[in-house]
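Asker: Here's the letter readout for the chains.
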Amino acid sequence: MLIVRELSKKFGGINAVDDLSFNVKKGTIHSIIGPNGAGKTTLVNMITGIYKVTRGEIYLQKGDLANLPPSNDDIKDMIHGVRENITNMPMHKLVHKGVCRTFQHLEICENLTVLENIMLGFNRFMSKNIFLSSIKSKKITENEQKYEYEAIKYLKIFNLEKIIYHKASSLSYGILKKIEIIRALSTKPRLILFDEPVAGLNPKETAEVSQIIKEVAKDGLSVILVEHDMKMVMQVSDEVTVVNFGRKLANGTPLEIANNEDVIKAYLGTKYVKN
Amino acid sequence: MKNIKLKNIKDLIILSAILVIIPFLLKNGFYYEIVILCILNAIICIGLNLLIGYAGQISLGHGGLAALGAYITVILTTNYAFPALLSLFISVVFMAIFAYVISKPILKLQGHYLAMATLGVGIIIYITLNAQANITGGPDGMGVGLFSVFGYAIDTNLKWYIFSAVFLILLIAIFKNIINSPFGRIMRGIRDSSQAVSSVGADVAKYKSYVFVISVIVAVVASSMYAFFSGFISPGEASFNRSIELVVMVVFGGIGRIYGALIGAVFLTVLPQMLTSFEDYETLVYGAIIIFVMIFMPKGIISLFDRFNKAIHANS
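So the sequence lines, in the order shown, correspond to chains A and B.
So that you can map any letter, position 221 of the first sequence is 242 in this note's numbering, and since no number is skipped, the others follow by simple counting.
So that you can map any letter, position 60 of the second sequence is 82 in this note's numbering, and since no number is skipped, the others follow by simple counting.
Calculated directly from the structure, the hints in this document are not laboratory data.
These figures come from a predicted structure and were not determined experimentally.
Warning: the hint list may mix true and false statements.
When the alpha-carbon atoms are kept at most 20 Å apart in a straight line, the in silico SDA-like pairs for lysine to any residue are as follows [as the list claims (entries may be wrong)]:
#, chain 1, residue 1, chain 2, residue 2
1, B, 198, A, 169
2, A, 235, A, 170
3, A, 149, B, 225
4, A, 149, B, 29
5, A, 157, B, 217
6, A, 225, A, 193
7, B, 198, A, 151
8, A, 188, B, 214
9, B, 228, A, 178
10, A, 118, B, 32
11, A, 149, A, 209
12, A, 157, B, 232
13, A, 73, B, 199
14, A, 47, A, 33
15, B, 181, B, 232
16, A, 114, A, 71
17, A, 235, A, 251
18, A, 149, A, 165
19, A, 160, B, 202
20, B, 32, A, 151
21, B, 130, A, 72
22, A, 157, B, 254
23, B, 198, B, 213
24, A, 167, A, 147
25, A, 188, B, 201
26, A, 114, B, 217
27, A, 149, B, 181
28, A, 83, A, 72
29, A, 188, A, 173
30, A, 149, B, 202
31, A, 183, A, 163
32, A, 149, A, 127
33, A, 160, B, 254
34, A, 159, B, 201
35, A, 118, A, 147
36, B, 29, A, 166
37, A, 157, B, 130
38, A, 188, A, 151
39, A, 252, A, 209
With the sequences and hints as input, model every part of the structure.
Answerer: Pasting the structure below:
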């Protein structure tokens, strides 16, 4: 699905991300963990086009071929249209390629209602022609109704149907985190990046979000998860990449990672293994 | 279904009713002038509010941009004998392109820097209009011919009043539709979080430019109309004070509300006329009123109506 190859990012003289490579398979949850400042968010920001890449490439596998193992012949693959180079592609264009994300720090439109926030996600399927909008053409109204119906369906799944007309600024952090996830899902992505989706949530909310993420992957979406909550990461992940000082420390299944001595020393701590 | 539709245009019906009544209350030409100026200012402010209040981008150069557009219309009509409507059209197209081009670098800036850059644009226009005396008449301004639409001259106060009132109603109807459309949702989203908007696939820079262009077009049309109405135009229209005045009207009335901009424009157009009895202290009182309102009604004059509305609903 996603191939990250020898990716590096320099901020001044510091290597925030250094020569990092990994692949995300279709329909799997791929977690990226590491201590604070390891370069996890920098990595996500590079994949989603917020930061310019210093060196390296990011490829997106196309269509049905997304679950094929990546070959090492990038050029041949690109010629055959199997994969696309998405390095440094701006975020708004990536969404149309099927890549979407949530943010570590909430990015919610506070003065919009819950429904409007979700509708923003569906916006990419709707006409935004200014002339049609100004006369409220039939096409605009019909589209609006169609996607409003769908947005409410999404909100119902998350038990948020009671607050659809509430202003986002009046809601709690936990609910807004969920709304951000729904908004990302409503762009109908193939690959979704969650940057610390459960940071600051209570155990009940964390469990809910974990469940959502699992179900998302079950539907065939690929997930990149950046998270500090080890319990959650170990539960939901299919594959884990550990990053430290911008470099890849280890890569493997949750079980392998939990028993990897380098990882224990650098990040998990000996206590985690005992528990 | 029919009821919902009626509810949606309730405000437009009320406004139309008010606008129909007003001419019967106007005793002489002077009052007409004030009312028409109110409407045209309101039109500019509603356009500017789309940029400031809804999209969250400041412009301190709208006076300049509006005046430049008005000058183009006037010069084409007066010096080159173009039909008024055609010159207005040319001016709008030119200013739309001009606004789009300058918006590309300018709207990348945020906050104070954006304010500075738009301020710069306004001042450059002001200086240019003053300096190019052979075309613009310089600081003395220039006379403006009649405005006629397909041979029908709009020459009396009442005609001007009807013309601008219809324009105002249409503009509000159109803007209400835009604000509630997918386009409008993106625009309002940008004010709160441009990251959020680009994370759902909208090109923030493009939408900022669009809104900027729309607000400039509206301002150009309204100030061209004012030039024709008053029969005179001077670079004062492009001054820094004028740009500030427009922003103050928007904020004073209530930012991010169509009727806020309308009320702000009307209030601050009428207020100086009412304060003339203070003579030397006029500006002082004017300033004091603005400060007073902003302290006690930070959401603008329109919040007064909100409270009033709330009280009615609470009682019923």
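Asker: Kindly indicate which numbered hints from before are broken by the structure, ordering the numbers from low to high.
Answerer: 2, 4, 5, 9, 10, 13, 14, 15, 20, 22, 27, 28, 31, 32, 33, 37, 38, 39
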